[in-house]
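Construct the entire structure; sequences and hints are all you get.
The listed protein sequences correspond, in order, to chains A, B and C. Letter by letter, the first sequence follows residues 1 to 117 in this note's numbering. Letter by letter, the second sequence follows residues 1 to 164 in this note's numbering. Letter by letter, the third sequence follows residues 1 to 247 in this note's numbering.
A couple of the hints might just be wrong.
As the list claims (entries may be wrong) - Here are the computed lysine-lysine pairs in the DSS-like style, where the Cα-Cα straight-line distance is at most 25 Å:
(1) C/Lys-217 <-> C/Lys-115
(2) C/Lys-144 <-> C/Lys-115
(3) C/Lys-114 <-> C/Lys-144
(4) C/Lys-117 <-> C/Lys-217
(5) C/Lys-217 <-> B/Lys-37
(6) C/Lys-144 <-> B/Lys-51
Please keep in mind that the hints were generated in silico from the structure rather than gathered at the bench. Just so you know, these numbers come straight off a predicted model, no measurement behind them.
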Amino acid sequence: MNERLTPFLWLLFSAGGTVAALLFPVHVFLVALAFPLGALPAPSYEALHGLVQHPLVRIYIFVLISLPLFHWAHRFRYTLYDGLQLYHLTNLIAVLCYGAALAGTAATAYVLLTLTR
Amino acid sequence: MNGDMSGGAGLHHVGDGGMTRRAGLQPGHAYMRYHPKWYRRRMSVWWWLQKGSYAQFVLRELTSVAVAFFAFIFLWQVWALGQGPQAYAHVVARLGTPLAVVLSVVGFVLVLYHTVTWFNLAPAAMVVRVSGRRVPGWMVAAANYAAWVLLSAVVAWFFLGANQ
Amino acid sequence: MASTITLAVTRYRPEEEAEPTVETYTVPFRKDWVVLDALNHIKDHQDGTLSYRWSCRMGVCGSCGMMVNGSPKLTCAAFLSDYAPGPVRVEPLQFFPIVRDLIVDIGEFLHKLKKVKPWIVRAEEQPLSEGEYLQTPDEVDAYKAFSMCINCMLCYSACPIVGLESHFTGPAAIALAQRYNLDSRDQGASGRVEILSDHEGMWGCTFVGDCSRVCPKNVDPAAAIQQYKLTTAVDTLKSWLLPRGSR
Chain A
1 MNERLTPFLW LLFSAGGTVA ALLFPVHVFL VALAFPLGAL PAPSYEALHG
51 LVQHPLVRIY IFVLISLPLF HWAHRFRYTL YDGLQLYHLT NLIAVLCYGA
101 ALAGTAATAY VLLTLTR
Chain B
1 MNGDMSGGAG LHHVGDGGMT RRAGLQPGHA YMRYHPKWYR RRMSVWWWLQ
51 KGSYAQFVLR ELTSVAVAFF AFIFLWQVWA LGQGPQAYAH VVARLGTPLA
101 VVLSVVGFVL VLYHTVTWFN LAPAAMVVRV SGRRVPGWMV AAANYAAWVL
151 LSAVVAWFFL GANQ
Chain C
1 MASTITLAVT RYRPEEEAEP TVETYTVPFR KDWVVLDALN HIKDHQDGTL
51 SYRWSCRMGV CGSCGMMVNG SPKLTCAAFL SDYAPGPVRV EPLQFFPIVR
101 DLIVDIGEFL HKLKKVKPWI VRAEEQPLSE GEYLQTPDEV DAYKAFSMCI
151 NCMLCYSACP IVGLESHFTG PAAIALAQRY NLDSRDQGAS GRVEILSDHE
201 GMWGCTFVGD CSRVCPKNVD PAAAIQQYKL TTAVDTLKSW LLPRGSR
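See the structure below:
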């Protein structure tokens, strides 16, 4: 792994960890628990669709998804090779983890840019 | 632990010509007068279960799997918003199935664990100074929790007020 | 109160054993005795061949660190009464190669310590006639907590990364580097970053945090390393984004 990239990846990890810590509990509670279970009145399709038309909301969603993915990549990478002692696979694990985060980021950007209807 | 070795012939003095070939000694495990053999234990693959604090650490790191899982759920939902009302209704219905609810409950607990550990550890890494004096760690953590409550309220307001 | 307590002590005699073994000793149980007192009692009255390091008996020299019931401790500060009724497990510091009985090889540690240049590095020494380098109380506070280390190596025995990667520079040495980085008299930070900016240095740390929990001097090496990562990461980002002159 390129050592010069490590500080940058660590910053992404930190930023993603902060975003996840601050925003994920409320999003998860509402979107994955309270709304599907009917515990709270869910917003209508039209209301949410209207909301995501705003560029700032799209930037917010991009940050909300992308940075925590890099947070996952960094932590999962270290846990995999320290936890299971897979030091001979260090490079492969790093490429797979950060690659997955990059792919997720690209997919998020694509979905947000093409979301028009 | 290793009875056959400790019960050996009691050769305490160094320089006995035959001792390197005693039963049970691994090849190469020779004791030489000025170059003794260090003993290094290998770390178990299960090291993270051997101590409470190590297990808590690994659990903390694995909360990131829940984070990635929900990032994917959010992406799925935003994608469905662009596909139309039927696709969106389908996603909401799928999130209400028993399996999804169980996964979400477990994931929600892990995400909360991430939040608490993140805020509690943040003061160690962040040295905040106000007019040259270091702000105490508990105040940095308290500021994080305050921001969490505030931001959660704002997000909830957007979601719950979206119908109006 | 029981009048005796049992100690299960690791023995390793490389001239006759391929692996360490455990020997149990029963010693008088006195509430003012620490584990080191019990070991000294064994050495003086029961088995003179037991080998271990100790010196000051008062938590300053840092030489009597051992695993007591699985946790790294200064044995001069580990009271037997806290482990009653026993048996008390006494082992050499883990993750270090064992030389004999409770004695570990500290050669690698000393090498790592020296590697981070734990002294004041100056681009140019100011002449003696100009007097000493002065510091304000705030400048002293910036590094004081990290300067309390006594090199007892308990943090190395607490750190799983040290056990997993024997080349990892480890908590005390990286914290000591940060101690000098934060010293207003020092100018060696850029040299130390080059030494520590890899996976054998600060980026090998995953913030398990046990080093800080076991430190008898409250040095908080984990905090030192995370702060070091943050400054290094921000400096690296600045060096990419800002033109050379304005750094």
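Structure versus earlier hints, numbers of those that do not hold, lowest first: 5 and 6
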